[in-house]
Amino acid sequence: MAIELVCPAGSLPALKSAVDHGADCVYVGFKDATNARNFSGLNFDDRAMAEGISHAHRRGAKVLLALNTYPRSDNWTRWTAAVDKAAELGVDAVILADPGLMRYAVRSHPQLRLHLSVQGSATSHEAINFYHEHFGIRRAVLPRVLSLAQVERVIAATPVEIELFGFGGLCVMVEGRCALSAYATGESPNCNGACSPGKYVRWQQTDGGMEARVNGILIDRFADHEHAGYPTLCKGRFAVGGETYYAIEEPTSLNTLELLPQIARMGVAAIKIEGRQRSPAYVAQVTRVWRQAIDRANRDPLDFRPEAAWQRELAKVSEGRSQTLGAYHRPWK
Amino acid sequence: MKLALGPLLYYWPRRRILDFYGEAATAPIDIVYLGETVCSRRHELRLPDWLEIGERLAASGKQVVISSQTLIESESDLKTLRRIVEQSRFKVEANDIAAVRLLSGSEGWVAGPSLNVFNEHTLAMLVELGARRFVAPPEMSGDALSALLTAYGRPLDCEVFAYGRLPLAFSARCFTARHFNLQKDDCAFRCIEFEDGLPLDTREGRPFLTINGIQTQSASIHNLLGDLPALSGSRVGVLRISPQAHHTAAIAALFDDAISGRRDAREAFEACRPLMAGEACNGFWHGRAGIEGAVA
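Protein chains in written order, with our numbering: chain A, 1 to 333; chain B, 1001 to 1296.
Be aware that one or more of the hints could be misleading.
Facing chain A, according to a computed beta carbon distance under 8 angstroms, are these residues of chain B, among others [stated by the list, open to error]:
hint, residue
1, Val1085
2, Asp1096
3, Ile1291
I should point out that these hints are in silico values taken from the structure, not numbers from a laboratory. Every value quoted in this text rests on a predicted model; they were computed, and no experiment measured them. Using N, Cα and C, we set each Cβ at its ideal position, and we do this for glycine too.
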């Protein structure tokens, strides 16, 4: 089975860019807290969504809608309305995390294809098979915590398709189980679809360097020669035991291009590119490279080597301008 | 209102753990959660040891629950999980959906704080599968929880994380090992050196987080003692106190005094301050940033 390329689309231009550069699927969200990239200026209103779906379908690409935050009792109907709208608009699948919402989707729209979001924190076949038995999920996106050997064992023990993150920003924490942003700002990926939200970020030039704060908390301080990256809470420099360093993770991007043949052999169904918050130009560049790489790996899996030119292209758009294999490569842990 | 002692989140030497639960046996606590929930590499105690501690606590009248590991990565993690589920002596706290799957159909397990139960539909499903108590996600506000319990509408034992460093995040990576430039697979179990975790400060010296192996906690201590009057009127039935290196029993006694009305809640909170190994916070309960403190 050929690996599908799943690309991010935070806007209609990004969606077109992904589809036109060879994405098999794009994933999108509405303009509210129902999805985990609830950033101002991003995402789709009804009209853009309808146009995006029609653009994708005309070119044979699928549209996956992320409704992957956790509805509370006091805002439940906003999420169910979003599921209804997704079914009405004719998306190819919805990506969900909350079991209650999955049950609603199954009962109200039995024909709707369900994917388990990375926000569902399912890291074992036992967890994934739970969602399969109860809701018939067809695909699960794995949190970025398993080594490749562990991924392979999951695949062997579940009938559910597995989608892996292949490239882009790296969540160091198990998705769905991180409340760092809630702790620092009151807004969380789980409930608000936001991590280290921009409205809490303050930059200030001081004698000690450029300071980046989130809700008043100093996340990092950059010297003139340093690249001042976005102050995502887990990617700042902190003092631990008298030493100041990236105590949790460097500002780095995940790039699994060199693992592609292994990933293909294991039977991974899809590779996901992170970055709905990124520009249409980023989406175009990354989609183009990964399309070529996946085609090459599908055609010639035994002799696949990532081209240096591809890696150069990807390095240009990486967060923090460095790259990692993340947890797929065991020593990272 | 009952008091629960949450699972020990830190890695302490065996003797120390045994002494800690020896003391807990006489503390004013109704429920004790036992077991390793953070890291599968920690081995000072194995499941049979925890069960033995459980027997002693049960003999002192405590209700004992065995907590399951939060992040399941390997087949060996699943094996441990199956052993926990298969022991029938004590109830189990499910901290991952894998545990929920294995517990489905058995009666009386606890839906743990990392299951992300934010609405009555998810809660109803877990109850159908046998859950009889649920621990609210620490990031959930009192108002959101109250809306959930009202919408759910049936009696159910609800527990709230009421005291301790907040468990904020889990990772495949061990940040304690990283601090010592060690790989997780060869970590030398350095986390055993930090009885209350490894403090992480901002570059201007403000305490921010606490590193506890693969878990990241708050630096501040979430403390709902001062919120007790409001909590008593809510449908919350159990308050969880998370073990810390010192004074845990004394802190439980302060909660007990405030619950029973022997002591005013504000006064109990002030008496608690010197026993706390950090600033107090309670923002989550009030629907604000968790780090915010003394919101009433």
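Proposed interface contact between Val1085 of chain B and chain A, which counts if any beta carbon pair is under 8 angstroms: Violated. Min distance 10 angstroms.
- prompt: Is the interface hint for Asp1096 of chain B satisfied, with its Cβ closer than 8 angstroms to some Cβ of chain A?
  reply: Result: holds, 6 angstroms to nearest chain A Cβ.
field: Proposed interface contact between Ile1291 of chain B and chain A, which counts if any beta carbon pair is under 8 angstroms
entry: holds, 6 angstroms
The structure does not agree with numbered hint 1 stated previously, though it agrees with all others.
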